[in-house]
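Participant: For reference, the chains in residue letters:
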Amino acid sequence: MIRIKDFCYWYPGQDQPALDGIDLEIPEGQFCGVVGPNGAGKSTLCYALSGFAPHFFHGTWEGELQVGKRDVPRSTLGELAGEIGLVFQNSFNQISGARFTVREEIAFGLENLGLKRKEIERRVEETLALIDLEALAERSPFALSGGQQQRVAIASILAMQPKLLVLDEPTSQLDPRGTQEVFKILDKLAGRGGTTVVLVEHKLEWLAAFADRVITFSQGRIVLDGSAKKILADEKLLKLGVGQTQFTQAAAAVQKKKFIPRSRPLPVTLKQAQKFFE
Amino acid sequence: MKLSFEGVFFTYSTGVRALDGIDLSIGSGEFVAIVGENGAGKTTLVKLLNGLLRPDGGKVVVGNWDTAEYSTAQLAGRVGFLFQNPDEQLFERAVQREVAFGPRNLGFSERKIASKSMSALKTVGLADHAEDNPYDLAPFERKLLALAATLAMDTPVLVLDEPSIGQDAAGRRRIGRILRELHTMGSTILLISHDLDFCAEYAERAVVMANGHILADGLVEKIFAQNDLLQRAAVFPPQLVRLAQALKMPTAPLKVDQFVNAYSQWHRRKKRA
Ligand SMILES: Nc1ncnc2c1ncn2[C@@H]1O[C@H](COP(=O)(O)OP(=O)(O)OP(=O)(O)O)[C@@H](O)[C@H]1O
Ligand SMILES: Nc1ncnc2c1ncn2[C@@H]1O[C@H](COP(=O)(O)OP(=O)(O)O)[C@@H](O)[C@H]1O
Ligand SMILES: [Mg+2]
Ligand SMILES: [Mg+2]
Chain R
153 MIRIKDFCYW
163 YPGQDQPALD
173 GIDLEIPEGQ
183 FCGVVGPNGA
193 GKSTLCYALS
203 GFAPHFFHGT
213 WEGELQVGKR
223 DVPRSTLGEL
233 AGEIGLVFQN
243 SFNQISGARF
253 TVREEIAFGL
263 ENLGLKRKEI
273 ERRVEETLAL
283 IDLEALAERS
293 PFALSGGQQQ
303 RVAIASILAM
313 QPKLLVLDEP
323 TSQLDPRGTQ
333 EVFKILDKLA
343 GRGGTTVVLV
353 EHKLEWLAAF
363 ADRVITFSQG
373 RIVLDGSAKK
383 ILADEKLLKL
393 GVGQTQFTQA
403 AAAVQKKKFI
413 PRSRPLPVTL
423 KQAQKFFE
Chain P
921 MKLSFEGVFF
931 TYSTGVRALD
941 GIDLSIGSGE
951 FVAIVGENGA
961 GKTTLVKLLN
971 GLLRPDGGKV
981 VVGNWDTAEY
991 STAQLAGRVG
1001 FLFQNPDEQL
1011 FERAVQREVA
1021 FGPRNLGFSE
1031 RKIASKSMSA
1041 LKTVGLADHA
1051 EDNPYDLAPF
1061 ERKLLALAAT
1071 LAMDTPVLVL
1081 DEPSIGQDAA
1091 GRRRIGRILR
1101 ELHTMGSTIL
1111 LISHDLDFCA
1121 EYAERAVVMA
1131 NGHILADGLV
1141 EKIFAQNDLL
1151 QRAAVFPPQL
1161 VRLAQALKMP
1171 TAPLKVDQFV
1181 NAYSQWHRRK
1191 KRA
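Here the protein sequences line up with chains R and P, keeping their order.
Counting the first sequence from 1 gives a position; this note's numbering is that position plus 152.
Counting the second sequence from 1 gives a position; this note's numbering is that position plus 920.
Simulated from the structure, these hints should not be mistaken for laboratory data.
Don't take every hint at face value.
To be verified - Quick list of in silico lysine-lysine cross-link-like pairs, BS3-like style, CA-CA up to 27 Å:
hint	chain 1	residue 1	chain 2	residue 2
1	R	Lys157	R	Lys381
2	R	Lys315	R	Lys221
3	R	Lys391	P	Lys1175
4	R	Lys409	P	Lys1168
5	P	Lys1042	R	Lys391
6	R	Lys423	P	Lys1191
7	R	Lys427	P	Lys1168
8	P	Lys1175	R	Lys381
9	R	Lys388	R	Lys409
10	R	Lys340	R	Lys381
11	R	Lys410	P	Lys1190
Okay, chain R solo, but in the shape it has when bound:
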């Protein structure tokens, strides 16, 4: 689905590339988590995947970046809109402001895709139900709490049903139940729906439970790549500033005290941790 070869990207006027020789292939239907310290290039990867770098941010690039059959940096944002959805890191900026209600806000992107009225209505209702926004449908998207606004931002992209979903810290303001719900939705879309999901997320516990794979960024490069459970247990994450779940930290600390043999692999989920300590 995604094929990136030796891709570099420079923001305008920068000598240092924000993406520095990225090689990455992601198969269709994979749920791929992205972690890394602040400033590592996670958001820039999201912009590159969705064409916002270079089409919105300008700057220069080299290498290859394909999504499906599309050559992303050589396509227009208009061509990409229906195929690749991006949920921005800052949901406050995602609300278009062009419409009066949450329902209309979600319909807005679909209208731009040129869908038929009936289809738009169907998708809007489906999405409102999916992400628990029915009670807020008639409210103004600006008269909402931070977390409610973030839900609207996610919903307006989900409604477009892109083949590739790119989400940049989409749960940062969601309550824990809302976070879990979003992970479940993404898991379903990836598993049965064949949607490819690229998710930047600091909440490692949920990545461990749901993602197929985790890639780790540092200074514009991919430094670790593998199954979610393997990467999240890797102690290099500590040095990189990504941190680890408290399950993993507690397990490592107990191993140091020699209550549990070193050979036992570190847990990253609650279930694994329970087994580890029993």
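Add chain P with the ligands to chain R, keeping to what the hints say.
Facilitator: Chain P with the ligands in isolation, oriented as in the chain R frame:
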């Protein structure tokens, strides 16, 4: 400085009742976490403390001031406020000016303004960015800048609305340390966060909100161990508490070292038995 909400109601102009009878008092120097579902009323509640919103019933008291009798500018000298969205807070063209804005409005001397703002920038790790434009900063840096602007005002009360969002592990730890330091110095701290692991590590008392009400209020170790209660507010216990529960350990550890100690004891006891 102590705070109190007495029978407080608030309804937005859209007709949404965001606070539905809130009674809460917070002692001077307490470190309180406010948790609960999206839309519970957390942000609305704390915005009453500095007059950004005014209650339509009840009384909000900051120290010995009934907020009804004071302007937002006056209250800003007592209550420092980190916004959930830094865009609501940042509007200057240089980082340095942004941080100096609050202290200048409070009428600090130029010397005090310079020293407070520089030390606040150092504390959050943005000293190297003093000359930059806030709009060129990354989102996580904008949040830290907003925190510096709040710290520079040197208020006895600090309200932090979701300070750790968008921060990596190092950033979360830095913010946690800043809060702990302020707490030891006697500041009264209100921390709103969905990150219960973070709250567990730093706060002493927890207030759980849902639907404009306070569902529960008490010591963090008591409140964060009550799954059913937290569930009603769309929240799960911290990771270590859930782990201890899964292992049927008799304690609710809040930090990794507490877990390790509790586990060591429990392990020894189990071995003997
Ligand atoms: N500007 C506004 N105008 C109208 N209603 C609002 C406004 N801001 C918030 N509300 C509503 O008031 C209620 C409480 O919102 P508030 O922002 O206080 O919640 P919160 O607990 O801070 O939630 P979150 O965790 O999502 O930040 C919600 O029903 C919300 O939709
Ligand atoms: N709009 C921009 N203009 C210039 N530089 C930027 C811009 N956005 C990000 N950068 C820089 O690119 C690098 C990667 O940033 P980013 O992709 O936002 O990282 P992350 O999302 O991992 O925190 C950083 O050095 C950052 O300062
Ligand atoms: Mg980012
Ligand atoms: Mg809020």
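Participant: Hint by hint, note whether the structure agrees.
Facilitator: Comparing the hints with the structure gives:
Between R/Lys157 and R/Lys381, the direct Cα distance comes to roughly 26 Å. Compliance with the 27 Å bound is thereby established for this hinted pair. At most 27 Å may separate the alpha-carbon atoms for a hinted pair to count; R/Lys315 and R/Lys221 meet this at roughly 12 Å. Taking the CA atoms of R/Lys391 and P/Lys1175, the gap is near 20 Å; set against the 27 Å cutoff, the hint holds. Restraint check for R/Lys409 and P/Lys1168: the C-alpha separation of about 21 Å stays at or below 27 Å, so the hint holds.
Of the pairs offered as hints, the one joining P/Lys1042 and R/Lys391 holds, with about 22 Å between alpha carbons and a cut-off of 27 Å not exceeded. Taken as a hint, the R/Lys423 and P/Lys1191 pair is honoured in the structure, with Cα atoms around 23 Å apart against an allowance of 27 Å. This hinted pair checks out: R/Lys427 and P/Lys1168 have alpha carbons roughly 13 Å apart, not beyond 27 Å. The straight-line distance between the Cα atoms of P/Lys1175 and R/Lys381 is roughly 23 Å, inside the 27 Å bound, and the hint therefore holds.
For the hint pairing R/Lys388 with R/Lys409, the CA-to-CA distance comes to about 20 Å; that is within 27 Å, so the pair holds. A threshold of 27 Å between alpha carbons decides the hint, and for R/Lys340 with R/Lys381 the separation of about 19 Å falls inside it, so the pair holds. Of the pairs offered as hints, the one joining R/Lys410 and P/Lys1190 holds, with about 16 Å between alpha carbons and a cut-off of 27 Å not exceeded.
Violation of the numbered hints given earlier is absent; every hint is satisfied by the structure.
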